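Engineer: Chain by chain, the residues run as shown.
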Amino acid sequence: MQTPVIQLAYLASAALFIVGLRRMQSPATARRGNQLAAGGMLVAVLATLFLYDILSPWMMILGLLIGGGIGAVLARQVEMTAMPELVAVFNGFGGLASALVALAEVAQYAGDSAILAPGAELAAGTAFTVVLSVLIGMVTCSGSFVAYGKLSGRLSGNPVAFVGMRTATLGVLGGAVFFGGVFVASAAAAAWLTIPSVVLLSLGALALGILLVVPIGGADMPVVVALLNSYSGLAAAATGFVLGNIALIVSGTLVGAAGFILTVIMCEAMNRSLVNVLTGGFGGEEGAAGAAAEAPEGRTVGETSPDDTAILTSYADQVIIVPGYGLAVAQAQHPLREIAELLEERGVTVKYAIHPVAGRMPGHMNVLLAEANVPYDSLFEMEEINGEFAQTDVALVVGANDVVNPAAREPGNDISGMPILNVDEAQTVVMMKRSLSPGYSGVDNALFYADNTKMLFGDAKESTDAIASELKALGA
Amino acid sequence: MQTPVIQLAYLASAALFIVGLRRMQSPATARRGNQLAAGGMLVAVLATLFLYDILSPWMMILGLLIGGGIGAVLARQVEMTAMPELVAVFNGFGGLASALVALAEVAQYAGDSAILAPGAELAAGTAFTVVLSVLIGMVTCSGSFVAYGKLSGRLSGNPVAFVGMRTATLGVLGGAVFFGGVFVASAAAAAWLTIPSVVLLSLGALALGILLVVPIGGADMPVVVALLNSYSGLAAAATGFVLGNIALIVSGTLVGAAGFILTVIMCEAMNRSLVNVLTGGFGGEEGAAGAAAEAPEGRTVGETSPDDTAILTSYADQVIIVPGYGLAVAQAQHPLREIAELLEERGVTVKYAIHPVAGRMPGHMNVLLAEANVPYDSLFEMEEINGEFAQTDVALVVGANDVVNPAAREPGNDISGMPILNVDEAQTVVMMKRSLSPGYSGVDNALFYADNTKMLFGDAKESTDAIASELKALGA
Amino acid sequence: MQNFIVFVLSAFLGNEILSKVPQTLHTPLMSGANAISGITVVGALVAAGMSGGGWSSWLGFFALVVATINVVGGFLVTDRMLQMFAKKQRPSGGEAEPQGVKAGAK
Amino acid sequence: MQNFIVFVLSAFLGNEILSKVPQTLHTPLMSGANAISGITVVGALVAAGMSGGGWSSWLGFFALVVATINVVGGFLVTDRMLQMFAKKQRPSGGEAEPQGVKAGAK
Ligand SMILES: NC(=O)c1ccc[n+]([C@@H]2O[C@H](COP(=O)([O-])OP(=O)(O)OC[C@H]3O[C@@H](n4cnc5c(N)ncnc54)[C@H](OP(=O)(O)O)[C@@H]3O)[C@@H](O)[C@H]2O)c1
Ligand SMILES: NC(=O)c1ccc[n+]([C@@H]2O[C@H](COP(=O)([O-])OP(=O)(O)OC[C@H]3O[C@@H](n4cnc5c(N)ncnc54)[C@H](OP(=O)(O)O)[C@@H]3O)[C@@H](O)[C@H]2O)c1
Chain Z
12 MQTPVIQLAY LASAALFIVG LRRMQSPATA RRGNQLAAGG MLVAVLATLF
62 LYDILSPWMM ILGLLIGGGI GAVLARQVEM TAMPELVAVF NGFGGLASAL
112 VALAEVAQYA GDSAILAPGA ELAAGTAFTV VLSVLIGMVT CSGSFVAYGK
162 LSGRLSGNPV AFVGMRTATL GVLGGAVFFG GVFVASAAAA AWLTIPSVVL
212 LSLGALALGI LLVVPIGGAD MPVVVALLNS YSGLAAAATG FVLGNIALIV
262 SGTLVGAAGF ILTVIMCEAM NRSLVNVLTG GFGGEEGAAG AAAEAPEGRT
312 VGETSPDDTA ILTSYADQVI IVPGYGLAVA QAQHPLREIA ELLEERGVTV
362 KYAIHPVAGR MPGHMNVLLA EANVPYDSLF EMEEINGEFA QTDVALVVGA
412 NDVVNPAARE PGNDISGMPI LNVDEAQTVV MMKRSLSPGY SGVDNALFYA
462 DNTKMLFGDA KESTDAIASE LKALGA
Chain C
12 MQTPVIQLAY LASAALFIVG LRRMQSPATA RRGNQLAAGG MLVAVLATLF
62 LYDILSPWMM ILGLLIGGGI GAVLARQVEM TAMPELVAVF NGFGGLASAL
112 VALAEVAQYA GDSAILAPGA ELAAGTAFTV VLSVLIGMVT CSGSFVAYGK
162 LSGRLSGNPV AFVGMRTATL GVLGGAVFFG GVFVASAAAA AWLTIPSVVL
212 LSLGALALGI LLVVPIGGAD MPVVVALLNS YSGLAAAATG FVLGNIALIV
262 SGTLVGAAGF ILTVIMCEAM NRSLVNVLTG GFGGEEGAAG AAAEAPEGRT
312 VGETSPDDTA ILTSYADQVI IVPGYGLAVA QAQHPLREIA ELLEERGVTV
362 KYAIHPVAGR MPGHMNVLLA EANVPYDSLF EMEEINGEFA QTDVALVVGA
412 NDVVNPAARE PGNDISGMPI LNVDEAQTVV MMKRSLSPGY SGVDNALFYA
462 DNTKMLFGDA KESTDAIASE LKALGA
Chain A
856 MQNFIVFVLS AFLGNEILSK VPQTLHTPLM SGANAISGIT VVGALVAAGM
906 SGGGWSSWLG FFALVVATIN VVGGFLVTDR MLQMFAKKQR PSGGEAEPQG
956 VKAGAK
Chain D
856 MQNFIVFVLS AFLGNEILSK VPQTLHTPLM SGANAISGIT VVGALVAAGM
906 SGGGWSSWLG FFALVVATIN VVGGFLVTDR MLQMFAKKQR PSGGEAEPQG
956 VKAGAK
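Protein chains in written order, with this note's numbering: chain Z, 12 to 487; chain C, 12 to 487; chain A, 856 to 961; chain D, 856 to 961.
Accuracy of the hints is not assured; some may be wrong.
[What the hints assert, rightly or not] One-sided and incomplete, this derived list gives chain Z residues near chain A with beta-carbon spacing under 8 Å:
| no. | residue |
| --- | --- |
| 1 | P15 |
| 2 | Q18 |
| 3 | L166 |
None of these hints come from the bench; they were simulated from the model. Note that the structure is a prediction, hence the values are computed from the model and not measured. Note that beta-carbon positions come from the ideal geometry of N, C-alpha and C, so glycine has one too.
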C-alpha cells in the first residue's frame, strides 16, 4: 500500500527532479542538477524498497545491481560521438520497462498469483491506461532500437520503403487499437480474452514502432530519438496512472515535455515540420549524392593545402571556426582546439560559430568541443555571430555543409528558409571536407564554387592535424 | 457535488490563469494575458453556478452584480498614482472572502441548516485547514486595510509603536493559535466550543493583522501589500483545501508565489531583509527629516530656474531623466513627457532611467510613464543605463532622491549597499524637488551640495510645466 | 495528500512563471494576481448557494459580494493599466520592432 | 481526475522549465531527461516485489533490470558529459566571470 510517508517520499523525489531540471538551464549548475535528479531517483527507489511491503527485497536488489552494472558499463564506454545512439538505446529500455510493468500488472490480475497488488482488479479506466502504457512503451522500445541501428550504422541509414508500406502501418495501428479495445472490454466481461488481446497488442505495438521509424532517413534519427524520448516519458506517466503512482506521473510528464520541446526546437531549426520529418524519405542516401561529387560544367573549385591554410590563418586578425557533422565523424575536435590555441598565441582572435542543428543532435557540437576543452566563451550562437563574418578574415568550415549552404536563402529546395551561418561574407572561406558531395539534406552547395572559397579536401582529422603541425613549425 | 465535468471546468480555469500569467512576461502580450485570466475566472464562476446544485441562483447572481458593480466603479475611478492603495483594498476583500467562506463552512457544520454540503462534517484535517484559512484570511483583511490607510494618508504613515507592543502581538498570536487548537479539538469532541472558538480566532486574527502592520512605516507599505497579496493567495488555497476545490488550490498558490516573489524582489532592490522591513520602524517620518532641510554649515547649494534648465537641456546632446516618487506625487508625468518630446524635436537624445524601487511600488514609474504615453524604448533599466551617465550632459532628476543618493555607496547608513543610478557622473545634475529634505529612507543626500548639481526647488508639476513652456518659447 | 501534491506543483509553477515577469510589469502583475486570488468567489458561491439559509448562507453571501469586488475591480484596473502599456509604441520604430520592450527585457 | 490534474500541472511546469534550457545543454538534457524517465523502475519494483511469483514476477523483474540500465546508465553518461562542461573555463577570465556562458545565454 502507498502510505502517506511513501507519497511524501515520491513528492520529494518529484521535487528533486524539478529542481534538478531547473539547474540544467546553465552549464555552471547543470552537473549539480543532474546529480540532484539522480538523488531524486534514489529517494524514490529506496522509499519503494523499504516502505512498501516488498516481498523479495534481495531479488529486487539483485535486479538493481544487474541493471545498474550494465548501465554503468555502457555509460563509461561510450564515445562522445556515439551519444545519440546510446540515448536511443537507453530510451528503448525505458519504454520497454514501462510496458512490462503494465503487463505485469495485467498478469497479476489474470491470477497467476495469490497476492493481488492494490488496484490489481482492472477497472475500465485502469485497463485503458494499461493499453496506453503498453502501446506507447512498446512503440518506444522497437522504434528506439531501429533508431539505434540507423545511427550506429548497423542498419542502413536509407529511408526504407516498400509498396503498401503506409497501408501496412495503418493496418498494424488499427490492429493494435482493436486489440487494445478488446482488452479493455474483456477486463470487465470476458476474462479469457484478456491475456491474448494484451499479447497481440504488445506485438502489434512492437511492429508499429519498427514500421514508423524504418521509413525515416538516418539523418533525421535525432529528431526521432527526441520524439521517442518524449514517448518514453509518456509511457512512464501512463504506467503511473495504472499504478496510481504520483512519482511516475510527474516525472514521466516532465520527460514527455522535455522530449517534445527538443523535437520542436530541432524541427524549427531545420525549418521543417514534424509531419514532414515523420513521413520521412528525407536524406540518408549518401550514395545518391555521388553525382554531384564532380564539379559541374563551367564551375571551378579553388583548392588549398593544410600548409597554405596554416599561413593564411596565422596572418588573420579574426578567424571563425564553423564545426559540423564531419567534425564529429572525423573526431577532429582535439586538433581543432590545438589550432585555435596556436592561433591565439599568435594574437589571432578565434571564435567558434555554433549553428543550432550542426551535427546530428541538438547541442552536439557543444558536447564535442567541451570534450576537447574548448572554453565556452569562445562559442557563439548563430544570431550572435552572424553579423561578424563580414569583418572576418578566414571562416574555417570543418565538416559542415548544410548549415553554411547559401541555397537555404533561395526558395524551392529542401533547406529553403533554414537560417544559416553567413560564412560567405568572410574574406576567405576554407572548407574542410572529403569531397564535393552535399550534406545530409542532399542539396548541392554553391559555396564550393564561390571565388572566396578554398576547398581543403581530406578527412577532417588529418587536415586539422596537418594544419596544427604546420602552425607549430611556423611558430618555432 | 463536484462532478467530473465541474472538475474539468476548474482545471480549464486554472490553465487559463497559468497561460494568462505567462503572458504577463511581456508588455506586448500582458493585456491579453489579463483577459485570459479574467476568462478563467468566468469559466470557474459559470461552472459553479450552473453545474453545482446551487439552491438560490438568483440570489447568487444578485451578489455577483453588487460586488461586480462596486468593483467596477472603484477600478474606473482610481487615479494611477493611487494604485498601491487600491490593490491593498482589493487584497483585503480577497482575504476577508476566503475567511468568510471557511466560516460559512463551519456555520453549516454547526447545524443551522438542514442541508449539509459535502465535506461539511469537519474531520480534524478539514478543521485544521479551516483554521489556516480563517487565520490567514483575517490577518490579510485587517492588515490590508491598515496598509490602505497608511498609503492613502488616512492613517499616519509613521511607524506606530507603544511599550509592550511586541508582547501584545505575541500574546494575540498565541491567543489565536490557542483558539485555533480549541476549534480543531472541539470539532471532534466538544461541539459547543466550536462556534465560540472560531469567533475568537477570527477576532484574534483581525487584531493580529492590525498589530503586525501598524508598526511598519508608511513607505514600506508596498512591501507589506505584496506580502499580504501573497497571503490572500494562500488564504484562497487554504479555503481550497477546506472545500477540496482544485481551482482554489492552484490559483491561490499561484498568487501566493506571485506575491512572495514581488516581496523578495522589492526587498532585494532596497537591499534590506524581509525581517528588517517587517520589524519595522523604518521611514515614514516625513517631519523628522526637517532638520536637514537647511543646508549644513560650510556647504553650499547651487540653485537654478526652469528657464535656465530649459536652455541647458536644449543645448545638450543627451539628457537622462530620472523619475522618482515625487513625480508620482506631483503628477508631473505629462509635462515631463512634453519636455522630452520638445527636446527630441531639437535633436537631443532623451532617455529615462528607471530604478527598480523608484516610486512606491515595483514598476510604479513604468505605469506612470506609460500613462503619459512615453514610449517603452526610451525607458532603460538601471544596469542598462548606468554606464551612460558619464557621457551625458544633463541628468534631470524629477522627484527622486534615495535612488540617486551616493550615500548608498558608503557603509553604515540605512541605504548602504543599495544599487543606485550614477547621476553624479553626468556633467550637470538638475534635481527637482521642493526642499532639501531627504527621501523616504531619511538619509541625507550629499548630491544636493555637489558642484555639478543644481537644485530646482518647487513642486515637480509646476517646474516641469514651466520648463516645457520655456522650451516651446525657445523653439518658436 | 493529492491536494498537497497539487499545491506543491502549483508553487513550483508559479515560481517558474512569475520570476520571469519584467519589472516594468510588476504593478499590473500585483493587481492581476490579486484579482486571481478572488477565485475564492467560487468557494463563496458554493458556501452561499448550497446552504438552505441562516448564518452560513449570509456569511457566504457576504463573502460572495466581497470576493466579486476583488475579482471584477482587480481585472478591470489591471486592464486599464495594461491598456496604457499596449498602445505605447514609439511611432517611428514601432513597426520594425513589434515588441519594443527595452526597459522590460532583462 | 486528481491524477489528471497532476499530469496537466506537470506538463505546464515541464514546458516552463525546459524551454529555458540553452541549446548548449540540449544533448545532456536529452540524456538526463531520458534517465528520469527510468522512474518506471519504481513501478517495476512494485510489480515485481509485490507479486508472489509466476509471470507477473518475472515480467516485473525483467522490467526492473531494463529500467535500471536506463536510470544508471542515463545519469552516469549525463554526468560524464556535464563534467566536461563544468571544467571548461577559459583560464584567464574564469574567476571573474564564474558563469562564463556565452554561447549558452540566449
Ligand atoms: N543537430 C541536430 O539536432 C540535427 C538533427 C537532425 C538533422 N540534422 C541535420 O544535419 C545537418 C547538419 O549540418 P552540418 O553542416 O553539420 O552537416 P552536413 O550538412 O551533414 O554536412 C557534413 C559534411 O561533413 C563532411 N564529412 C563527413 N565526414 C567527414 C570527415 N571524416 N572529414 C571531413 N569531412 C567530413 C561531409 O562531406 P564529405 O562527405 O564530402 O566529407 C558532409 O558534407 C543539417 O542539415 C541538419 O538539418 C541536425
Ligand atoms: N518602488 C518600490 O517598490 C518601493 C517600495 C517600498 C519602498 N520604496 C522606497 O522608496 C524610495 C524610492 O526612491 P525615490 O528616489 O523614488 O523617492 P524618495 O527617495 O522617496 O524621494 C522622493 C523625493 O520626491 C520629493 N517630492 C515629494 N513630493 C514632491 C513634489 N510634489 N514635487 C517635487 N518633488 C517632490 C521629495 O523631496 P521634497 O520633500 O524635498 O520635495 C523626496 O525627496 C526608495 O528609498 C525605496 O526603497 C520603494
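Engineer: Give a verdict on every hint.
Structural biologist: These are the hints, each one checked on the structure:
Given the 8 Å rule on beta carbons, the hint for Z/P15 holds: about 6 Å separates it from the nearest Cβ of chain A. Checking Z/Q18 against chain A: minimum C-beta separation of about 5 Å stays under 8 Å; hint holds. At a threshold of 8 Å, the smallest CB-CB gap from Z/L166 to chain A is about 40 Å, leaving the interface hint violated.
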